[in-house]
Structure formats: structure tokens, C-alpha cells
Amino acid sequence: MRALMFNILALLPCCSLGAGDANVELYVESGIRHSARGVAYSLDGRLIAAGSLDRTIIVWDTDTRREVASLPNRTQSTSLAFLPGTYVVAANGEEGQVQFWDVSKRAKAFPDFQCAERPSPSIAVSQARSELLCVDAARPGHPSLGLEHAHRAPSSLQPSWT
Amino acid sequence: MSSDGNTVAVVGTDRKLRLIELPSLRPLGVLPNDFGNLDAFAFEPRLGLIGAIENGHGEVKFWTWRVDGTVGEPRSLGGALAHALAFSPIRPYLAVAQENGEIVVVDPALPKPFSQPIIRLASLGNRIEAAAMAPDSTVLAVQAWYDTQLTYDVKRGALVKAVVPRLSAANGEFQDTGTLENRPFRVKRLEDRVELLGADGRLIATMVFLDKAGAWVAVDPSGRFDTNMDLSNVNGVHWVVDGKPLSPLPLEILMRDYFEPRLIPRLLSGSTFGTARSLNQLTACSRPSRLRASRQGRHLIKSGSA
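Chains as they are written, first to last, in our numbering: chain A, 50 to 211; chain B, 324 to 629.
Here chain B stands alone, though its shape is the one from the complex (with noise of 0.2 Å):
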């Protein structure tokens, strides 16, 4: 479908591309063209642009309209693996979906136009296939899909380079169970994240690897949180109030209230904290903030006037 919504093409067995009005349902015609066998396509008519994946090879191919209406020889964009495609309706852009989990939107016209990416939005981090604790309790060992391995010191609070073991349910010495300072605790493993509980099953802490970055956050029930990214310039995380996605507030608005060093050591360890201050009382003194994004990605907070 045209992002216009004001037609539609198909690609049939015969290799050739339909086009059809709507709402009217009347064919336009079918381009000469032989498209090959597609895995994926898109068009945009207003721009005169269509790109496809041809089956099996996941490259990306791309055809310029011309104004007498014929179609002019393919090229191929290059860059990795594709599975999927968009064009965007409101810039000559094409969105492309990767076997490598990035979304990466590129401008056709270029002459490499994947080493000139418009917007490169990447994949940090792959599914958790397993966690569980070293025997001596000081290693949580993470495997993620691919078996990329992190290893997380309990005590120091870091990642540590250490050679383990690959998990899996034939290797007995790591466990899903360990103590820190005599204090018991548990390790659950969720397709996106590590959950850590006391011995009565209480959530302790939430933990968050991406294995790609070499990253981590780990947040507690009550909102405290740590991580190993620069926190000068945290662009991985943010806060989402009142469940509403889509007015992001950026991590130092709360940072300072709820940052904690070491969080999780000290909370296995049962270090107790102080009150953190409520929502209420962070924006009681304070007028409204609203949350603007600029073109440039930076966030502006600008105060409201309600």
C-alpha cells in the first residue's frame, strides 16, 4: 500500500508488479519489470521509488520510477541481511529490518547509502538462554542467544572478565542459587531480563544485559537503580510517567533521588536505605515540566505554564 493509502501493488508468481487504485479497485497496470522472487517489497508512487528483498539472499534492491512511467534498471543498496521494508512517508527514506536486529533508515540516492545511515537503531542486547551463579557465589554468569557470555561480579557490583563455563542444564556446577554475606538469594532468568529474589521469593532487584554494549542496568522495587553506562550521557534509558510512551522523561530528572552505587551488592548484602523522595514531592515546588525532543535527538526541558 502507498503510504496515501491510494494504491496498492502486488508482486504475483509471475515476477511482475500490479498496480490497483483505491478506492476505485482499478487496475493502473503492471510494470514490465521482471522483480524476481521476493522475499519483501515496498513503493511509494508520490516519490516514484520501490525497493525489495529478493528471496533468499536478503539483499536490497532499488528502482526509480521514471516520469513517462516506466521503471528504470535495479540496484542494489547493499548493506546486511534484510528481511523487511518501509518507505517513509514524508522523506524519500527507506526503513530496512535486519537479520542483525537493527533497523537502519537510509537514503537510496546515495551512492553507499548503508555506510551513510539516516538513523541507525540498534540492537544492544540479545534474548537471556540462561543465568545462574558461580559455586563459590561471587560470578552471576548471563548467556545470551549466540552464546555471547557476561559475567557480573556480586560483591564488586561490575562485569568482570571471567572465563565460564558454556550454561546449560547437563552443567551442574553453576546454580541458580547463592549467598552473599550468609544472606540467601535466587536467580530467575526472563527472555529479557535476570530477576533476583530473597529466599521468601521477594523481587530484590530487576537486571538488564545488553551484551552488545556491554551494558547493564539493574533497578530495585522501590526505583533505585544502577548501571555501568556513562551516566553523563545515558542515551539507553529513560523514565515513562503515568504510562505515557510517548513523553519520555530523561534519566537525570530522577537521577539523583534514585541512582545508587553498588546497588546490587548492597541490597543482597541487606544494606537498608534511606526514604527516596516520592514523585510528589520532586515536583510539588516545581512548575510542570514538559518534555520536548529537538531534531538533533537532544531532550530540552522547558518549564509549563499550567
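Only chain A is shown next, with the shape it has when bound in the complex (with noise of 0.2 Å):
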């Protein structure tokens, strides 16, 4: 992991940053620590993520300058691409699997989807058909997700092809 996050004070009761129990944690923009292999922007341009050698997702807003975020890819990500009108970012995988990280909870946004035989396959978000594109170079055509279905219904997602 890269920049890194210290839980530094848990459940911390709070009244006027949030209902329930703050969490505040320190954060220290450490950057990617490795080599950068992947990178790809939000598509209102305020988001920068990009993948590392280490594995992690590092995330920059440009408009402060400043990083944000620090996702545990575990895979090394050399293809991104945020979904429309979100802050979810998909990056490719080293075992052919697309993950889905929300970057405002820091978490999956969806389980993964296996899009491709071989290790790190491009992908591409096209807007107009809210579909996530994958390029498998094993197969003769590109397996599309729909995005749309991946938000209604995470654990049925199954790629159709064109």
C-alpha cells in the first residue's frame, strides 16, 4: 500500500461532522511508491488514478493537488477507467479480472468480473452505452459489461459479447 492510512482515532463520538461515530484517520500522501503503470481520469476531470508496479491504486484530486486516496488493488492495474457520472474507478488485473473501487468509501464498488483469459486486459468505459469494453486478446471478439446491470445487480453480471 502506498500512501498510507493510520486509523488514528476510532469511533470517536461526534455531533456536528457526521451522524453516528467519527472516524478520523491521518493520511499521508506518499504518492505511488513504485512504478506507474496505469492512469486515467474522472470523467468531470477532477479525478486522477493510476496504477502502480506495488499494486495499489493511487488517487489525486486535481483541483486541490493533493492525494486522496490509497486502494489496496492487490493486482497491478495497467488499464483504468472511471464509470460515467461516478467516482468508481475500474482498473484490469493481472488475472484478466476487472475490480471496481468506490473512490469516496474507499471500498469495491462491485464484486470482480472476469473479462479476459490473459493477464491485463485493456478496457475502456464508453459512456453512451454505459459499458465497460475489454479487450481479450485470446479471443476473437471483446467482451462488453453493462454498467448499468452492474449497478442493479452486482452478483449476476455476465459479459455479453460483440
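The hints are simulated quantities; they were obtained by calculation from the structure and are not laboratory data.
Even glycine gets a Cβ: it sits at the ideal position worked out from N, Cα and C.
Just to be clear, a hint being listed does not mean it is correct.
Stated by the list, open to error - Quick partial rundown of chain A residues pointing at chain B, CB under 10 Å, derived from the structure:
(1) N72
(2) R86
(3) L96
(4) S101
(5) T105
(6) R115
(7) V117
(8) S119
(9) S128
(10) A130
(11) P133
(12) T135
(13) A156
(14) E180
(15) L182
These two chains come separately, so use the hints to put the complex back together.
Rendered as C-alpha cells:
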């Protein structure tokens, strides 16, 4: 994990920063601790996400130029793409899978999607079709995943072929 | 994929770039240029921009799309060894992921774009490969990827210049245990941080070393922290509240209550601290604050109206 998060004050009662218990963390903006291997902009241009050789994804806010999140991707991502209208970033993996990270929650948004047989497939997101395109060099076609389906029924994702 | 999602581009083994319209999947055409063997490419048809990284060279090349639909000759943008590219969806800027861990946003229209980056998202640290205590328990040696080393004096709570051997399993001189004022502790290396544990396994403190910046940050489980960064202008550390990373709070907000100079020596020697004010107390007498970020990257705190 690159930039690291210390959970420094767990479960502090909070009255004005939000309902329930406040969780305050000290975040050290270390940047990528290895080699940067993939990069993507969010569609509003605010965020940049980058995959690293050390198997994390680092996210920066381009307005403030501050690092805002380190995502424990656990696989090197060379191809990344944000989903339309969200801060969910899709990231390819070394075993042909795609992971979906919600940057605002620093958590997986959907289950992983196995889109290719070969490692590190190229991926792209179609805003017009609300689809994730995934290039599997081992197959003649490109499997695509309907993102609307991903939002509605993440447990039953099935690729369609185009 | 273009940022508007209306066009997909594919560079095949024939080194030609094919454009396909979405959602119709109608082929728009094949650009006649030889794009070479590419490791990565990005394109932005609305702005008429194509960027690519040639296979094996890591060099960023850049093309512009002419009004007549043809593509001009490539221009080398220079820069360090690159692995990936992305165009900004809102400005004619190109983000480049580099071997050295940096993400550099450049304006390809400039004569030397990498010497005048729009944004440089720096890499300040390397992965920690080893961490151990010197035999006399004074120096914590931290070895990062590519053999950079930092040495931290646990008695002084500061980085020191010390020549230490390369840490390895074969080097038995350095150990993962130490003592300070007869209190034993243990050093645990993780890839991005070092934990200092008590004899009972309890976490005493966590330390982050940013070896490229010569900086470190230490924090204990109650939130007290120490750092050698310039506290009047700390840009590399902030607070995250309620798990909301996109609304960071500047370090200054809670600094008075949680900054503890010489934190590590005091913790390792068993010093006790007063109770830090809780976040509840810090916010109960004040109106809620909202963090706003200006485009100059400076944070402005503004009282809310809730």
C-alpha cells in the first residue's frame, strides 16, 4: 500500500461532522511508491487514478493537487477507466479480471468481473452505451459488461459478446 | 475510448489506428499513419489529439488531427520513461504515468511540455524492503526499494546520517528488537510503513518514511503524531473524517491537540500523555466547518450554516 492511512481515532463520538461515530484518520500522501503503470481521468476531470507496479491504485484530486486515496488493489493495473457519472474506477488485473473501486468509499463497488483469459486486458468505458469494454487478445471478440446491470445486480454479472 | 464515450479506437498489429463509432459500432475509418508498435495510446477526438508510447522506448509521441481528417507527423514530447497515458476530458492536457512513480500532466502544445508541467503528482517514497535496529538500539535503519536507506535515531526522534550495512537476512548484526530505557520493543516492517510494537505485541506507533523527500511521519494509536516536515506548510499529510477521502481536512485543524514533538522517544521510554481532546469537544463549540479547495490548491475553511 502506498500512501498510508492510519486509523488514529476510531469510534469517536461526533456531533457535527456526521451522524454516528466519527472515524478520523491521518493520511500521508506518499504518492506511488513504485512504478506508475496505468492512469485515468474521471469524466469530470477532477480525479486522476493511477495503477502501480506495487499493486495499489493512488487517486489524486486535480483541483487541490492532493492525493486523496490509496486503494489496496492487490494486482497491478495497467488499464483504468472511471464509470460515467461516478467516482468508481474500473481497473484491470493480472489474472484477466476487472475490479471496481468506489473512490469516495475506498471500497469495492461491485464484485470483480472476469473479462479475459489473458493477464491485464485493456479496458475502456463507454459513456454512451454504459458499458465496460474489455479487450481479450485471446479471443476474437470483445466481451462487454453492461454497467447498468452492474449497478442493479452486481452478483449476477454476465458478459455479453460483441 | 474517447472521454465522451462516443468513439473507440484500436491499434492493431498492422500499426494502424481504427476508429469505431458507438453505440452503432460503425467503422469510421482507418488512419493511414504508421503508429509503430505501441505500449499504450490515448486519443481525444473532440480536441483532435492522439498520444502514444512506443514499444520498449517509453517515449511519448503526440499527433494532432487536422480539420481535413488527416493526422500530422508525430512529435516527441520527451520526458522520463512512460508507461501509460490519459487525456483530460475537459482540457487539452495529457496525463503521463512514469517509471519513476510520478504522474505528470502536460500541455502537449507547449514546445517542451515536460519542462513546464501543468501538474506533477510526485512520488515521495519507495516500498520498504527492510527495517531493523542497530545493535546498540539507537538507530532504526529503514531500507527502501533500490537500496536507499534512512536512519532514524530513536533517542533523539530525528533522522541522522549513519552509515549502516545493507540490511539483509544474512546480516545478523541488525535485529528486529531494541530497548530504550530498559523497555523492549519490536520493529515490524510492512511494505508502506514500519510498526513499533511493545513486548506484549501492542502497537506503540506507526512510522511512514518518505525517503525521496527525506521525511517521516509517526503516529500513535490515540492519534498523536510527529513529523520532521515543516509544520507551517505541510502539504503531504491531512485528516480524513468519517471515511470521506474526497473531503480532506488540513493537518492544521487538529494539529494543536495531536502534534507531539519527540513522540517516538517519549513513547518508547514509557512517557505518559494527557488525554487529547476528542473530536466531539473540538467541534461542539464551533459551527460546522466545510472544506473548500481553490484551484490554486490552497484550502479555505468556511463556516457552515447548518
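| message | A/N72 was flagged as interface toward chain B. Is the shortest Cβ-Cβ separation under 10 Å? | response | 6 Å, holds
| Can A/R115 be said to touch chain B, with a Cβ gap under 10 Å? | Given a least distance of 6 Å, the restraint on A/R115 holds.
| query | Measuring from the C-beta of A/V117 to each C-beta in chain B, is the shortest one below 10 Å? | reply | 5 Å, holds
| Once the shortest beta carbon distance from A/T105 to chain B is found, is it less than 10 Å? | 8 Å, holds
| message | Quick check on A/L96 please, does its C-beta sit within 10 Å of some C-beta on chain B? | response | 8 Å, holds
| At a threshold of 10 Å, is the proposed contact between A/R86 and chain B supported by beta-carbon distances? | Holds: closest Cβ of chain B sits about 5 Å from A/R86, inside 10 Å.
| field | When the least beta-carbon distance from A/E180 to chain B is tested against 10 Å, hint result | value | 9 Å, holds
| query | When the nearest CB of chain B is found for A/L182, is that gap smaller than 10 Å? | reply | Holds - the Cβ of A/L182 comes within 10 Å of chain B, reaching about 7 Å at its closest.
| message | Does A/S128 hold up as a contact with chain B if the rule is Cβ-Cβ below 10 Å? | response | 8 Å, holds
| Supplied contact hint for A/P133, tested at 10 Å Cβ to chain B | 7 Å, holds
| task | Let me know if the C-beta of A/S119 comes in closer than 10 Å to any C-beta of chain B, holds or violated. | result | Interface hint status for A/S119: holds (8 Å vs cutoff 10 Å).
| task | May I ask you to test the interface hint for A/T135 with respect to chain B, counting a Cβ-Cβ separation under 10 Å as satisfied? | result | Status violated, d = 12 Å.
The earlier numbered hint that this structure contradicts is number 12, and it is the only one.
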